[in-house]
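Based on the hints, put chain B in the right spot on chain A.
Here is what each chain is made of, one letter per residue.
2 protein chains.
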Amino acid sequence: MQTELSKKLGVEHAIFGFTPFPAVAAAISRAGGFGVLGAVRYTAPDDLKRDLDWVQKHTDGLPYGLDVVMPAKKVEGVTEADIEAMIPESHREFVRSTLAKHNVPELPEGEASGWRITGWMEQVARSQLDVAFDYPIKLLANALGSPPADVIQRAHEHDILVAALAGSARHARKHADAGIDIVVAQGYEAGGHTGEIASMVLTPEAVEAVDPLPVLAAGGIGSGEQVAAALALGAQGVWTGSIWLTTTEAEMHSRRLTEKLLAATSSDTVRSRALTGKPARQLRTEWTDAWDDPSGPGTLPMPLQGLLVAEAVSRIQKYEVDALLGTPVGQIVGRMNSERSVRQVFDDLTRGFERAIDRINRIAGRA
Amino acid sequence: MQTELSKKLGVEHAIFGFTPFPAVAAAISRAGGFGVLGAVRYTAPDDLKRDLDWVQKHTDGLPYGLDVVMPAKKVEGVTEADIEAMIPESHREFVRSTLAKHNVPELPEGEASGWRITGWMEQVARSQLDVAFDYPIKLLANALGSPPADVIQRAHEHDILVAALAGSARHARKHADAGIDIVVAQGYEAGGHTGEIASMVLTPEAVEAVDPLPVLAAGGIGSGEQVAAALALGAQGVWTGSIWLTTTEAEMHSRRLTEKLLAATSSDTVRSRALTGKPARQLRTEWTDAWDDPSGPGTLPMPLQGLLVAEAVSRIQKYEVDALLGTPVGQIVGRMNSERSVRQVFDDLTRGFERAIDRINRIAGRA
Chain A
1 MQTELSKKLG
11 VEHAIFGFTP
21 FPAVAAAISR
31 AGGFGVLGAV
41 RYTAPDDLKR
51 DLDWVQKHTD
61 GLPYGLDVVM
71 PAKKVEGVTE
81 ADIEAMIPES
91 HREFVRSTLA
101 KHNVPELPEG
111 EASGWRITGW
121 MEQVARSQLD
131 VAFDYPIKLL
141 ANALGSPPAD
151 VIQRAHEHDI
161 LVAALAGSAR
171 HARKHADAGI
181 DIVVAQGYEA
191 GGHTGEIASM
201 VLTPEAVEAV
211 DPLPVLAAGG
221 IGSGEQVAAA
231 LALGAQGVWT
241 GSIWLTTTEA
251 EMHSRRLTEK
261 LLAATSSDTV
271 RSRALTGKPA
281 RQLRTEWTDA
291 WDDPSGPGTL
301 PMPLQGLLVA
311 EAVSRIQKYE
321 VDALLGTPVG
331 QIVGRMNSER
341 SVRQVFDDLT
351 RGFERAIDRI
361 NRIAGRA
Chain B
1 MQTELSKKLG
11 VEHAIFGFTP
21 FPAVAAAISR
31 AGGFGVLGAV
41 RYTAPDDLKR
51 DLDWVQKHTD
61 GLPYGLDVVM
71 PAKKVEGVTE
81 ADIEAMIPES
91 HREFVRSTLA
101 KHNVPELPEG
111 EASGWRITGW
121 MEQVARSQLD
131 VAFDYPIKLL
141 ANALGSPPAD
151 VIQRAHEHDI
161 LVAALAGSAR
171 HARKHADAGI
181 DIVVAQGYEA
191 GGHTGEIASM
201 VLTPEAVEAV
211 DPLPVLAAGG
221 IGSGEQVAAA
231 LALGAQGVWT
241 GSIWLTTTEA
251 EMHSRRLTEK
261 LLAATSSDTV
271 RSRALTGKPA
281 RQLRTEWTDA
291 WDDPSGPGTL
301 PMPLQGLLVA
311 EAVSRIQKYE
321 VDALLGTPVG
331 QIVGRMNSER
341 SVRQVFDDLT
351 RGFERAIDRI
361 NRIAGRA
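Protein sequence lines, in the order shown, are assigned to chains A and B.
Counting from 1, one number per residue, gives the positions in the first sequence under full-length UniProt numbering.
Counting from 1, one number per residue, gives the positions in the second sequence under full-length UniProt numbering.
Isolated chain A, as found in the complex:
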């Protein structure tokens, strides 16, 4: 499965896999795809360094990339404490009462919240990049808009391609104008931050909007048939994420969460502002319902919402509070019904792709 982009990056198959887990990223690259490690959870540069060392050691010289969350708009001199101060007390009370209703215990004394928004702040993302540029990464992706111009330039100086996620053709053109190299067209069905335009419509619109820049199709892709569909729509590859969450290499923080993902249908996700303040697709839970309920206080804008719920999310995850336990995931969760190795999932993608090509050639009278 070779496109201009996959050839340029030196990968066997035009399948990109985004994951927060180093073992999954490395396994995707080893399987013949392009593993992309999500950096947002690394608040300490040394932790990122440790995991990039590991990935580097376990990819046998095969290419891989890094995904950061870097706002294009710079907010000078604003600290986490400044943002904390902007959160209304009524919202804090809503968090407390919702957790109390479900008997969610407090974190043990001295244990900090594991889930922080600090990775979303520019200075943290920049310290991640200072680490990352010491490694032979081939791709730098940004999940929130185009990266700042100096970051794009620095990446290019290191021969690193820059990708940015887009939810509309207009958004994709903006990225192209900013000088990025690859657009990830993130359809409505995708997990995490996403817009309202579904992949079937968005992919060809993005392709047309930024031609000749390559587009990766993201959202709803978990089988080889879906890979074939995305490539038929003009994409130069697929950007997958959700399907790696239930692989045996994934280090999910909660066994119960893995079980919920394996059991969920495609109707069990919701596009909600509950997690970050921007619409992000995730498992629907009583937690997302509470935030989306018109009779509640509603969500705060990014980055306030993320800071507001950070400790609550840590508590829900630590104590595996079933009714509230969720995670960002796409509608493809309905087909994630068994735990398999990254290699097995990957081989199913490439085999299913070949089957889809056979079928479509028969339909086209070319078999």
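Hints are computed from structural coordinates only; laboratory data are not their basis.
Everything numeric in this text was worked out from a predicted model, so none of it was measured.
None of the hints are false.
Cut-off 35 Å, straight-line C-alpha distance, at most; resulting in silico cross-link-like pairs (DSBU-like, lysine-lysine):
1) LYS278(A) x LYS101(B)
2) LYS174(B) x LYS260(A)
3) LYS8(A) x LYS49(A)
4) LYS260(B) x LYS49(B)
5) LYS57(A) x LYS7(A)
6) LYS278(B) x LYS260(A)
7) LYS278(A) x LYS260(B)
8) LYS278(B) x LYS101(A)
Below, chain B alone, put in the same frame as chain A:
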């Protein structure tokens, strides 16, 4: 473009085109596809008879079908007046004040509302079928759930295949259990009544759910690349609708509406209950905004909402009130940018399909 289903129906290409306009339906069949005439607007059986006569005369013996809106659940002895009586006065007042705010004139005395919900009622749909079964239609589609068992049986006695729209795998299985022959998997991006699962995810789920019954992919399809994608996902054909609205053969009631469709982007639709009480994708207007506004009275359930707004919709259309003027249409509206004949649109679909097959074969290393 031949699948088992297209062969069974005797059409050259597995492209189904739903349209309220007889001239468009006939032109789709003549171009090599399968035209499906929407019956919902025919309240008088004689009008339907006249138009089916016309289609029959203009399809040169090629196959075509009919789409009705027939609720599976029968409500005995309820008249339109009974339903009118269930509408709260506050909702009627909201209609009046919203129209007044935009200076929408009254209909001339004696002119009845053209847009009625009566086509949605079972007795009307049954009188349509009494007419339709006299014609050699090859397909009967139902837009609201499975048709009643006796209707399916009657269709089968006439060698007519029965199709039903589904927005989820569970919904598709219910149709299969009811004895229908074809599932139309209606993705989130589709125009008209639709669910929340996007085509990329829904199509293969529906295919798996009802195998070996054929599935048609609906939602987001307006180019040959999208046809190829839908077939790669396992569909035995595509069900298109929106793209025929801006053809030269379409008899749109308002020139201004055609202009709005040609100008709209894929971000200009909304899935709203404003028109019928069930979520239906349509152009976003100040009319849909008013109904979706949390500070307003909100919409009523089907069929109350449709009855409540019927006259208002007629007035908005008659006087082409720009801010309020809309129509059901899918996200593909963003690619409907020029008026072309049905034949041109159809030939673009088949040519684009061949291009997509060429491209995907190159990617797969089979070119």
